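Novice: When we follow my numbering, the leftmost residue of the sequence shown carries the number 7, and every step to the right adds one.
Some hints could be false.
Claimed, not checked - In silico lysine-lysine, DSS-like type, Cα no more than 25 Å apart, as pairs: (1) K347 x K415; (2) K409 x K378; (3) K415 x K393; (4) K264 x K244; (5) K349 x K312; (6) K301 x K312; (7) K291 x K301; (8) K312 x K264; (9) K225 x K244; (10) K349 x K301; (11) K409 x K347; (12) K291 x K349; (13) K412 x K401; (14) K401 x K347; (15) K393 x K409; (16) K393 x K378; (17) K378 x K415; (18) K393 x K412; (19) K349 x K401; (20) K291 x K312; (21) K244 x K312; (22) K347 x K291; (23) K412 x K378; (24) K409 x K312; (25) K349 x K225; (26) K401 x K312; (27) K378 x K401; (28) K409 x K349; (29) K412 x K347; (30) K264 x K291; (31) K415 x K349; (32) K378 x K347.
Claimed, not checked - Pair by pair, the computed Cβ-Cβ distance ranges are: (33) P430 x T343: 43 to 49 Å; (34) E267 x Q389: 37 to 43 Å; (35) R270 x E360: 56 to 62 Å; (36) T381 x A308: 41 to 47 Å; (37) E288 x G173: 20 to 26 Å; (38) L437 x P246: 55 to 61 Å; (39) H183 x Q304: 30 to 36 Å; (40) E348 x P293: 29 to 35 Å.
The hints are simulated quantities; they were obtained by calculation from the structure and are not laboratory data.
Just so you know, these numbers come straight off a predicted model, no measurement behind them.
Backbone N, C-alpha and C define an ideal beta-carbon position, used for all residues, glycine too.
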Amino acid sequence: MKLDREMEMLLNEIPLLLHGDVLGCGEPAAAETDTDAVDFSYLIQELGEMGFVEDDDNGFLYPRKASSSPTSNLHFMDAENFVASRPFSMDKDRERALFDPFPFSSTCFDAAVGDDWDLLCPPARSRLCMTARPKKGTCSNGCQATSPKKCAAAKSSKYESLVGLRGYMYHVARDQHGCRFLQQRLDDGKREVDFIFTGVARHAVDLMVNPFGNYLMQKLLAVCSEEQRMGIVLTLTKDPFVLVRISLNVHGTRAVQKLIESLRAREEIQLVVAALRPGFLELIKDPNGNHVVQKCLQSFGADDNKPIFDAAAVYCLDIGMQCHGCCVLQRCIARSTREHKEKLVAAIARNGFELAQDAYGNYVVQYVIELKVATANASLAQQFEGKYIHLSMQKFSSNVVEKCLKVFKEADKANIILELLSAPQFERLLLHPYANYVVYAALQNSKVHNISTKTESTRERSVLTICLCLRSTEPFC
Numbered sequence: 007m008k009l010d011r012e013m014e015m016l017l018n019e020i021p022l023l024l025h026g027d028v029l030g031c032g033e034p035a036a037a038e039t040d041t042d043a044v045d046f047s048y049l050i051q052e053l054g055e056m057g058f059v060e061d062d063d064n065g066f067l068y069p070r071k072a073s074s075s076p077t078s079n080l081h082f083m084d085a086e087n088f089v090a091s092r093p094f095s096m097d098k099d100r101e102r103a104l105f106d107p108f109p110f111s112s113t114c115f116d117a118a119v120g121d122d123w124d125l126l127c128p129p130a131r132s133r134l135c136m137t138a139r140p141k142k143g144t145c146s147n148g149c150q151a152t153s154p155k156k157c158a159a160a161k162s163s164k165y166e167s168l169v170g171l172r173g174y175m176y177h178v179a180r181d182q183h184g185c186r187f188l189q190q191r192l193d194d195g196k197r198e199v200d201f202i203f204t205g206v207a208r209h210a211v212d213l214m215v216n217p218f219g220n221y222l223m224q225k226l227l228a229v230c231s232e233e234q235r236m237g238i239v240l241t242l243t244k245d246p247f248v249l250v251r252i253s254l255n256v257h258g259t260r261a262v263q264k265l266i267e268s269l270r271a272r273e274e275i276q277l278v279v280a281a282l283r284p285g286f287l288e289l290i291k292d293p294n295g296n297h298v299v300q301k302c303l304q305s306f307g308a309d310d311n312k313p314i315f316d317a318a319a320v321y322c323l324d325i326g327m328q329c330h331g332c333c334v335l336q337r338c339i340a341r342s343t344r345e346h347k348e349k350l351v352a353a354i355a356r357n358g359f360e361l362a363q364d365a366y367g368n369y370v371v372q373y374v375i376e377l378k379v380a381t382a383n384a385s386l387a388q389q390f391e392g393k394y395i396h397l398s399m400q401k402f403s404s405n406v407v408e409k410c411l412k413v414f415k416e417a418d419k420a421n422i423i424l425e426l427l428s429a430p431q432f433e434r435l436l437l438h439p440y441a442n443y444v445v446y447a448a449l450q451n452s453k454v455h456n457i458s459t460k461t462e463s464t465r466e467r468s469v470l471t472i473c474l475c476l477r478s479t480e481p482f483c
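Start from the sequences, fold in the hints, and give me the full structure.
Specialist: This is the structure:
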């Protein structure tokens, strides 16, 4: 068979030929100087199966008509974006399968070169395309546009590539590269947004918890219309526990937070809050779900968040003694107003003694003390009375006692100090790893005349004198 040196150069430009054993010929060999010494029979066979025929006059290969082209396993795509696929037919009448490569044609490489793999043909150009190269300063379509993005033909090609995914949009969204492609198409205009929304809206639940699909849903929620967003909300809130399950997922929590950020209509907000309500306690204590609740507190008004405030008040002891719950509880207090805040603060104050001794609950109690709500602090002082020595010798509650000495009224401070002075072995408090900080806080925040008038025994006066001498010293441990 007649093959000259020019044919060999053309064949060497086929994409992926030098990137591996694509044609079954092993590692690429060094260029041969003698054409007759190289056996190209296997290559001719593969090209023939792809639909190329040999011209009897000059030995060049030309594409055969699509109607008579057999199938082939040879896929010409660049190595970076190569996607394996099953054999395909070049019959134009058959509907193409997802990610099937497109057949070569005389106009294949005239298509606009856009974003990597989403083109209708491979991005790399080859001299197998018997067309002239575009002039410098023009796009690949030969028009005067300076870039493919400004070319009308390129935009049309992008939309046509999107239309080719009809019926497969859900599967494309679950793929890493497919999801990225769809996100890029969302920036092209309303027509693309509407087309993608139609393909993925009914799969919103599955895509929100998908490692790749959740990013597409986040982008879609940011650009879709109000009617489309309401459609997604209705899909997610049809079953109340569906939205809770998504919020507990490591990927779904981000998509739900994006949904909450995008909500504007009161009806949408009420639907979402009502759907989350059955799982508030579980969400607040979950490492992923607590961010959804905090996003609600941040994005919605106090009236819309009323169900969250009510749940927090009822379960404040359980929530406050959990690492994520203590943060949510403080956020609830900060975002609530009027009666909601009073109800929350009162509920926490009633459970102050238990929370003060907890690793996480003590922060909630300190937060409430700093609010300087008279009724709450009076309730806490009543619960702590007679137990300050016990609380001062514990790691977490000692911080609460220090906060009391800084914030409480002078009369309550005096009562705390007198209780400390009346300890049977006061020197143990001075040497205790936690209580010594409480004694130091008492020295820093006490007023001598308020204490002196209440000291009754000689021992208490003696201890007070020693403490006054130590007022300017640092903690002992």
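Novice: Regarding the pair K244 and K312, is the alpha-carbon distance no greater than 25 Å?
Specialist: holds, 22 Å
Novice: Are the Cα positions of K291 and K301 separated by 25 Å at most?
Specialist: Holds, at roughly 15 Å.
Novice: Starting from the range 43 to 49 Å, see whether the pair P430 and T343 falls in it by beta-carbon distance.
Specialist: At roughly 47 Å between Cβ atoms, T343 and P430 fall inside 43 to 49 Å, so the hint holds.
Novice: So if I understand the rule, the pair passes when the alpha-carbon distance is 25 Å or less; does K291 with K312 pass?
Specialist: holds, 19 Å
Novice: Starting from K393, check that the Cα of K412 is at most 25 Å away, please.
Specialist: Cα-Cα ~18 Å, so holds.
Novice: Is 30 to 36 Å a correct range for the gap between the Cβ atoms of H183 and Q304?
Specialist: holds, 34 Å
Novice: Run the distance test for K393 versus K378: straight-line Cα separation, threshold 25 Å.
Specialist: holds, 21 Å
Novice: Within 55 to 61 Å: is that where the Cβ-Cβ distance between L437 and P246 falls?
Specialist: holds, 57 Å
Novice: Given the hint that K349 pairs with K312, does the C-alpha gap stay at or below 25 Å?
Specialist: holds, 11 Å
Novice: Does the structure keep K412 and K378 at a Cα separation of 25 Å or less?
Specialist: Within the cut-off at roughly 11 Å; holds.
Novice: Is it true that the CA of K347 sits at most 25 Å from the CA of K415?
Specialist: holds, 22 Å
Novice: If I claimed the Cβ atoms of E348 and P293 lie 29 to 35 Å apart, would that claim hold in this structure?
Specialist: Holds, at about 30 Å.
Figure legend: structure checked against the earlier numbered hints; hints not met, in rising order: 14, 19, 24, 25, 26, 35, 36 and 37.
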